[in-house]
Each structure stands twice: as C-alpha cells, then as structure tokens.
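Sequences listed follow chains A and B, in order. For the first sequence, the tail end lands on 454 under the numbering used here, and the numbers increase by one without skipping. For the second sequence, the tail end lands on 454 under the numbering used here, and the numbers increase by one without skipping.
Treat the hints loosely; a few may be bogus.
Chain copies aren't distinguished; within one or between two, either way the pair holds.
[To be verified] DSS-like mimics (lysine-lysine), calculated; alpha carbons at most 30 Å apart, straight line:
| no. | residue 1 | residue 2 |
| --- | --- | --- |
| 1 | Lys56 | Lys70 |
| 2 | Lys395 | Lys29 |
| 3 | Lys395 | Lys201 |
| 4 | Lys181 | Lys63 |
| 5 | Lys383 | Lys227 |
| 6 | Lys70 | Lys199 |
Think of the hints as simulated: they come from the structure by calculation, not from any bench. These numbers were taken from a predicted model, which means no experiment stands behind them.
Next come the chains, spelled out residue by residue.
Number of protein chains: 2
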Amino acid sequence: MDRIKPRTLSGFMELLPEKQIYFEKMLEKLRESYSLYGFTPLDTPIIESSEILLAKGGGETEKQIYRFTKGDSDLSLRFDLTVPLAKYVAMNYGQLAFPFRRFQIGKVYRGERAQRGRFREFYQADIDVIGDGSLDIINEAEIPGVIYRTFNALGLKRFVIRINNRKILNGFFELVGVGEKSAEVMRTIDKIEKIGEEKVKKLLVDECGVSEDAADKILALITCQEKGIAPLDALNEYVGQNETLDLGISELSTVVKYMADFGVPAENFMIDLTIARGLDYYTGTVYETQMLDHPEIGSICSGGRYDDLAGYYTDKKLPGVGISIGLTRLFFVLEDQKYLNEEMPAAPSDVLIMPMTEDLSPAISFATQLREAGVRTQLHCEKKKFKQKMSYADKLSIPYVVFIGEDEVNAGKVTVKDMTSGEQLTISPAMACTAISAKINEKRTITPIKEPIK
Amino acid sequence: MDRIKPRTLSGFMELLPEKQIYFEKMLEKLRESYSLYGFTPLDTPIIESSEILLAKGGGETEKQIYRFTKGDSDLSLRFDLTVPLAKYVAMNYGQLAFPFRRFQIGKVYRGERAQRGRFREFYQADIDVIGDGSLDIINEAEIPGVIYRTFNALGLKRFVIRINNRKILNGFFELVGVGEKSAEVMRTIDKIEKIGEEKVKKLLVDECGVSEDAADKILALITCQEKGIAPLDALNEYVGQNETLDLGISELSTVVKYMADFGVPAENFMIDLTIARGLDYYTGTVYETQMLDHPEIGSICSGGRYDDLAGYYTDKKLPGVGISIGLTRLFFVLEDQKYLNEEMPAAPSDVLIMPMTEDLSPAISFATQLREAGVRTQLHCEKKKFKQKMSYADKLSIPYVVFIGEDEVNAGKVTVKDMTSGEQLTISPAMACTAISAKINEKRTITPIKEPIK
Chain A
1 MDRIKPRTLS GFMELLPEKQ IYFEKMLEKL RESYSLYGFT PLDTPIIESS
51 EILLAKGGGE TEKQIYRFTK GDSDLSLRFD LTVPLAKYVA MNYGQLAFPF
101 RRFQIGKVYR GERAQRGRFR EFYQADIDVI GDGSLDIINE AEIPGVIYRT
151 FNALGLKRFV IRINNRKILN GFFELVGVGE KSAEVMRTID KIEKIGEEKV
201 KKLLVDECGV SEDAADKILA LITCQEKGIA PLDALNEYVG QNETLDLGIS
251 ELSTVVKYMA DFGVPAENFM IDLTIARGLD YYTGTVYETQ MLDHPEIGSI
301 CSGGRYDDLA GYYTDKKLPG VGISIGLTRL FFVLEDQKYL NEEMPAAPSD
351 VLIMPMTEDL SPAISFATQL REAGVRTQLH CEKKKFKQKM SYADKLSIPY
401 VVFIGEDEVN AGKVTVKDMT SGEQLTISPA MACTAISAKI NEKRTITPIK
451 EPIK
Chain B
1 MDRIKPRTLS GFMELLPEKQ IYFEKMLEKL RESYSLYGFT PLDTPIIESS
51 EILLAKGGGE TEKQIYRFTK GDSDLSLRFD LTVPLAKYVA MNYGQLAFPF
101 RRFQIGKVYR GERAQRGRFR EFYQADIDVI GDGSLDIINE AEIPGVIYRT
151 FNALGLKRFV IRINNRKILN GFFELVGVGE KSAEVMRTID KIEKIGEEKV
201 KKLLVDECGV SEDAADKILA LITCQEKGIA PLDALNEYVG QNETLDLGIS
251 ELSTVVKYMA DFGVPAENFM IDLTIARGLD YYTGTVYETQ MLDHPEIGSI
301 CSGGRYDDLA GYYTDKKLPG VGISIGLTRL FFVLEDQKYL NEEMPAAPSD
351 VLIMPMTEDL SPAISFATQL REAGVRTQLH CEKKKFKQKM SYADKLSIPY
401 VVFIGEDEVN AGKVTVKDMT SGEQLTISPA MACTAISAKI NEKRTITPIK
451 EPIK
C-alpha cells in the first residue's frame, strides 16, 4: 500500500497526552472561574456566513480569514469570538435577559504567517457583559476581579493588571486641543514602551502636528508614575475643565475604589495611562495583563468597555465590557518557560490493575469498585511480561499499581504498590479503595501552573 | 448604517443559554466518565491537510467534506475523530505508551443535506483503545461498561447495548458456503428489522445467490432469540467446524462472561446477531446502543473492534476498539423528546445580589466571599426598578436573591430570599454563605437527563 506520511499542519497546536492533560486542567479552571461570576457558557458555530463575519470588513482580518465556498454558500471560519457574540445577541435579543453575561472558550482561525509561538488555530477564552441600552460602571470594576481570580486558579501570581480609561485620554486630548487627532495620538503614545518618551514627543509634534506645549502636557501625564506621582493625583489639576475627562476620572476612581472588595490585592493592579488598546471601539475602562517575569510576551489578557457591540446587525444599543485570553499562545509560553506544575498529576489513570490469575473477575470487580469511588482506573490484561507492564505504569506516571494474584484472591485482598514511595501493602479492596481515593482527592487542588522560583 | 440580518447557518446547532447549560453538563459528565476508565483527553486540529484526511478516499465522505484551499494548501475540515486519531497515533507512535487509551470530544463537519435533526457541524464523543501489534479481548469486554456508566451518568437508564462479533457471522458464512459473499450477505441481513425475515431470505437467494438451505440456516441463527433460543446456545451445534466461528464464539462468551463484573446489569445488554455495522473495517465485537423508548432514532452509541487503525500512514499493525456518540444529534433528540431534567439547576448563577445602598462595598465583599466558597454569584447594580431586578432573577431561574440595604449594613447582616419557597431570612454573611453553599452542593449530582415517565 502507498503510505502517506502523517503530519499536522504548521501553526496548529497538537499536544502529546501529558501536555494535553495540563491544557484540559486549564480549560477546567477557566470554566469554573468564569462561572463563579455568573457568566453563562455559550458555544457558537466555527463556520459562519462570510457576510455575517465580515460585516465590519477590511483590514488585516480579512486577509487572514479562512474563507471558502460550499455549494452556493460563501463561508468563513470565525477569527474571534466577539463577532459571533454580536450576531448571537442581536439575533436572540428578545430571548435574553440583560445584562447578559456570557463566557465562551473556543477555537478561532487566522491564517497568520507561521512562526514559532504563533498559531493559525487557537483557543480564545472570552467573557463579556452586555447591557441593553446602558451598563453600569460596576461591571467595569468587576473585570479585574475575574482576571485576578482566573489566573490565580491557574496558579499564576506574579502578574499585574494594568487599567486605563479611554475617556480620560479622549477628554484630556480635547482639553489640550488635540481632540480631533486623538486616535493618531493614542496610537503614538502606545509606542512609548518600545521607543521611549523623547521619540514619542518628536512623533507627536512632527507627525501628528501636536503643539510643543500640548505634547509636554500629554507626556507629563502619561509618565507621571515614573516621576512618583499617582495618576489620579496628576489628573486632579484638570478636574472641572472637560466633561469627558471628568467622567473618565470618576469611572477610573470607581474601578479603583472597589478593587479590594472584589478581592484584587494592590500589588496585582495599577493604573497605566499609556494603555490605549489598538481597537477603536473601546470607550471606557481598558485592561491589559502582564506577567511580571515575562513582560516581553505582551498582554496575556486584554479587553475593555465598548458602547456598540452589534451595530452591524441591530439598531439596539448594546454597550458591554469584555476580556479575552489567547489561551493557545499562553499555553505555549507557559510550557516554553517551564511553568507547567510538575506536582500536578498528569497521568491518564490513578490506578493500574494487573490481574495475575486466569479468571479476571476479581480484578474487574475491583476496577468497577474503584471507578464507582471516582478513582480513574485502568486494567492491564495484555499478554506482556511483568516488567513491561511496570514500565508502562512508569511511562504514564500512574501513581498506584494493584496486583491481584491467587494469594490475594484467596485472602480476599489486593496488593497496592505506591509507585512514588515504592511501598507495598496487601489490604482489603474496600480499604485500598478508601485510601487511594483519599490520596487522589488531596491532589485535586494542585494548580496546572507553578511559577519557577526566581 | 446598512444592517445585515443576523443569522446562523442551517445545520449548525446554536443553543440558547439555558439549553447550553444542559449541553455543557453533558460534556462534563462524558469527560468524567471516560476519564474514570483511564482514557486520556486529546485535542486535534479541526483543519487537516486534505491528503491526510482523504487518504482512505472515496464514497459519501468525500462528497460531504468541507474542502478548500488557503494559499498553496489543500485543506479539509475533519469529518470524524477516527482519521485524526489514526494520524496522531502513526505520527507519535514512538512517544505513546500502548495500549493507548484516548478520548476526544469535538466538532466534526459533514455537508449533509440540511433537514430537521441533521447537523453539518456536530460533536462526536469518542473513546478508543489502541494496541501495538495485538490487543486483548478484555478491552472489548470493557466497552459496554463504559457505555453503561456514561449513559447512567447522564441520567439515562432505559437503553440496551446490543453486542455481536463479526467473526461469528464471517465464520458462519464460510461454514454454510457463502464466505466470499459475506459483505453482501451482511448488508442484506442488516435490513431485517426494516423489511422482515421473508424479504431478507428472498434477497439472499435472488440477489446474493445464496442457496435455500444456507439462507434458512442463516435466518434460523439470526432470528433465534425471537424463537426463544439464546444465541450462544444456537451457535453450539456449529462449534468445532470453523476456526473463525469458534474464535468469534469464544470472544463473545468472554465479553458476556465479564459483563456483570464491569457493572453492566443484565437488562442493559443483549447479544444481537443481526448487528453487522456498515463499516468494513470492524473485525471483532461490534456495539450498538438503543433507547428502549425511542428505537426509531437508531443507535446512540456505536463502534467495535478493528484490526488496522492507521494502515494508510504506517506499516505498524495497530488494532483497536472504540465507540462514538453523536452528541449533537443525541442532544437534539433528548430535547425534542423532553428528556432534559427540569430539576437540574440551569441558571447561570446561584445567587443574585441586589445592593440597595450607595456604597457598594458590603455587597461586593459578600459577592467575593460567596465566590470564594464556590457559589456562582452575580451582582445586579444596574439602574433598574426593584421589580425589574426581581423579574431578571426569575427569568434566569436564579435560586437565591440577596438584598443588602442600610439596615442590613448597619446590623452586619444580609437578607436572603429563597426564590423557590419565597422564604426570606436576615442572617450573617458567613451563615448565609454556608447555608447557600450547602444547598447548592446538594443539587450538584442532579443529572442533565431524566427519562419521562411512561
């Protein structure tokens, strides 16, 4: 037979079993954590009509999209979870209760240039709160709480949530007379970490046509923290001069005020007036999340407040706030940087039973008993040597091996070997079941991620 | 703005939030249940190279496939989870431990004619055990245990797992002299439930060229149960005359022997010699699962033993046994037939907190406390009337509403309203948290499915 060399497309993550168990644990933690905040799970199709997905159209997105025809239909694979959400909310408006809080974790597709750590198929893990006509600022204040708890549940602690409010920059730009250039100015100051303060000033003056004075004021404000001034204090002198700015300051103050009540420790968040988020549609609070030990990988969880989720599909005003985690890339980085927690059980089974009698009934019954107690159990009945079976357990890191031979059957017992300690005990099936089950449960709370000690 | 009417493609299931919660619960139960048997989770890409996916080629599959080009690549969406598994095992052969037990739950794509209850995007939930060179019969005996426990975990009880062994029919056909026509004969007897015994006999004689005598023997065997004879008894008279038949009888006997040890009650399985399963590649035990109250929907979980998983990609002999649940269609039927369990909590939150003071700190802190205790909690801080907020809780079926007004804050208490009983209590936050948490936990074991009483 002519054989085809098996391969997986480049840019598509496909994990070996042990790594997949870590990924699954992360998915589980995300689902749990999002659910704790009353977000309801959604699952929309991966394929949508191109007309729907590309309603907004244009730009990088359209070039990267997987688009094709099937019969008469012009179809595309979703490239994010936001457009499908907009469609869903517009379509089911009458049947949803608002504020509508949903989470969705699913694969999206972008035909990016293949390179290490970049994926064409990747998971996004999104939450959004959608209001009907209006949405209270408290929803924006709650988001850092969700981010904090979610990363904590995964085992990450060394990260900071950076917060800004688009109204502050917009209002401030109006105030210093660069209002009509605000998008351009924002894009420029977004570069400050990359190119530094001086070059940004030069760009503002030379390219954007901002006055020297305005450029100085802008830079003084967005770099105040480095100079030891808290942003809300730095903003104080401008209060009462511009409505948008005042609203932004008030919103940011509210978000900061409730941070502790939402359970976010002071060291895990900060105001950062340089954060603008590229997307034009954010209108209020914006978020970025940075790993303290890996700032170079950029934000691992971003989002913000927007005023118009679904304008392409409905005349209903649907403001919202949401965040997204690019899970596949995050996982890639975590694995690459040795963040996967070796203490987390990553074996497919808790127990491997090796029957050593012709009649397998006692072994099978014990397997059934263990499974009923929630212990993940596998029988090994292949015609292999004892040594081979032990090395199978080893290779899969199965923590307990159970032997059931004639002696055990006659005594109504089982022999349990703890593969970590090497200890071996011959006890009753019921006792073995209780003991193993207890040990397994102890390990259930171990997080998939553990930060390497610096 | 020109608006586009939001719509979802036909043949693509997209559920409203409440229904999605049932679906998620089913996914959770499947993951749990498959894991108990030591199956490890896998996740392969939805897009593969067409060359890989269509290695087997031909037939209905190729016509239905979603295939397109992107750049220079000829790509296809997977139409099942078996071909990707074959690729995965062939590709990662050296890094896997055999027997390799994996489960995968994921979406697959088939461009079928759209009709009610038929889907173009649907979930399959598969398990497979793959051996390296050989695989013991005990793996085939274990599968009904997995099927039984899985459906039980979902809440289904009224179903029967029908079992056959391809070697029995193959051997028996050889014995009665129709060996070279066995595929054709199998396809014909597969129609017995639809067209009846007489017509099958006529087809066997007229179309397949089977002798009258052989046709009688075949029909006597496959209809023995209706005549009150157990299949293994009916087969007894043929023992010792054909090797394949003998092996089939021995395998089927082993499978039946261990059924009780694997925890399958006698009423949930039966031998059915008419089951052949269309696919040519099954070689041993085959399974179908029928809902007793809905035989018309066909098998809800099928599969069997095969000898050559990945012959298109590798010269390694990789025999296996597996089953698949067509989850999207099953869910459609269950919903349609009113099997969704109304007792299962399908609200996005357990608690809705309504703060009634200007300062939201006490309300937010209580939300944080509840979430830390694992209680899914939402704050309702929108500027809406009390009645509207209560009807929001009602619409979402949120079981507990908490009021925190000036009186509560001053007394350090919260008022909890049980939305089911209407009862209302003003107690300490800690007590409220413990009480609600306990009530919620009681309901965690409620299954997503409940059979309607007949």
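Hint numbers contradicted by this structure: Violated: hints 3, 5 and 6.
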